[in-house]
Amino acid sequence: MNTNNLSLIKYLRDMSHQNIILTFKGTISQEVLADVGVNLRAKLGSFHIGKRIFAIFVELAQNIYHHSAQKEFSVIKGRPSGVGMLVIQEEREYFILYSGNLIENYKVEGLRERCEFINQMTSDELRNYYVQQRKRPTGGVGANIGLIDMARRSKNPLQYNIESVDDDTSFFSLSITVDKIEDEIIN
Amino acid sequence: MYKLFYRNTQKNMENLLIDGSNYVPRIDYVPRVTMNVATGILHIEGESYHEYTLEFFEPIFNWLREYMETPERKIELNFKMSYFNTSSSRRFLEIINMLQEYEREKSGRITVNWYYEKNDVDMLDSGEEYAQDVKLEFNLIPY
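Protein chains in written order, with my numbering: chain D, 1 to 187; chain V, 1 to 143.
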C-alpha cells in the first residue's frame, strides 16, 4: 500500500473539527461557482447575511480567476484561468471566507498598500472610495473594486498575509469575516 | 451561447432578449435583459456575475448605441436586480452614463427605475450610489 495515500476520513474529520463548510482548490468554472452559490445560499437561507456571504464568495473566486499568478488552461472556458483555494468556515458567531493564490512579486507592495488603505477607512469613506474608484477606467478585466466591496459587505477589516514563495511569486491569503446577526446565533 | 435576437441594421433594428434560463443547461449568472425598439422600455433583472462582463454586455451596449443614433427618443431603463458582482456594477454605470450623454447631447428623454426588494438595504444603497452621480430622472422603488 502506498504510504502517501491520503486518508480522506482523517482529512474530513480535520475539516469538520475546524468547522469548514466548503473547500475548493483549482480553477473554478462559472458553472461550478453558480452551483456552489445556489447551494450556499440555500444553506444560509435563514441568515440575512447569506447574500453578503455569497457576494464575497463570488468576488474572491473572481479575484482568483483574474489575478492568480498560477494559470491553467480551462477547457470549459477555452482560455487560461487562475488557480487558487477557497474555504468557508462557520463559527458560532461568524463566518470566515478565505482565498489563497499566488501573485507576482511586483504586485505585492501595491496590494499591501491597498489593503491597508481600505482598512483604515470608515464605512462612509469606503462608500465614497467605491463610487470614486468605479468611475476610473481599468486596464484589465477586473473591476478593481472587489476588495472595497468585500470590506463594505463584511463590515470588518480585510485580514491578509503575503508570504514569499520564490524570486517571482508570493502566496496571498485573504480572509474576510462576516459576523452573524445576534438573533441568528443558536446557543 | 445566449438566446439573442439582434441584427445590426438601423432600419430593421430588432428587440433584444437575453435569457439564461431559456438555455439548456440554464445559465443563472446572467441577468434577463429585454430591450424593446417600439416602446424604448428596457429591463435588466435577476442576477449578474459573469466573470467576463465586457463580453456579456457587449450586445447590450451595441443595441443601445444603435438605438440612440436617432435623437429625442424616450428610454425607460428598469433595473430589478437581486444580486450583481463588482464587474457588473461597472457595466451598469457605463450604461447609465451612456443614457446621460444621450439625454444631454441628443435630447433623449431618460427615466431610470431602480427596483429593490424592500428589506434589501444593500440593494437600496447600490441604487443611491448610482443616483447621486447622475443628472437623470432616477427613481428608487421598493417592491
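Errors might be hidden in some of the hints.
From the structure, some residues in chain V lie toward chain D, with a derived Cβ separation under 10 angstroms [what the hints assert, rightly or not]:
(1) Phe61
(2) Tyr67
(3) Ser87
(4) Glu101
(5) Asn113
(6) Tyr115
Mimicking DSS-like on lysine-lysine, the simulated pairs with C-alpha atoms at most 25 angstroms apart in a straight line are [unchecked claim]:
(7) V:Lys106 <-> V:Lys74
(8) V:Lys106 <-> D:Lys51
(9) V:Lys118 <-> D:Lys180
(10) V:Lys106 <-> D:Lys155
(11) D:Lys51 <-> V:Lys74
(12) D:Lys71 <-> D:Lys43
The set of hints was computed from the structure by calculation and includes no laboratory data. Using N, Cα and C, we set each Cβ at its ideal position, and we do this for glycine too.
### Query
Hint numbers the structure violates, sorted upward?
1, 2, 4, 5, 6, 8, 10, 11, 12
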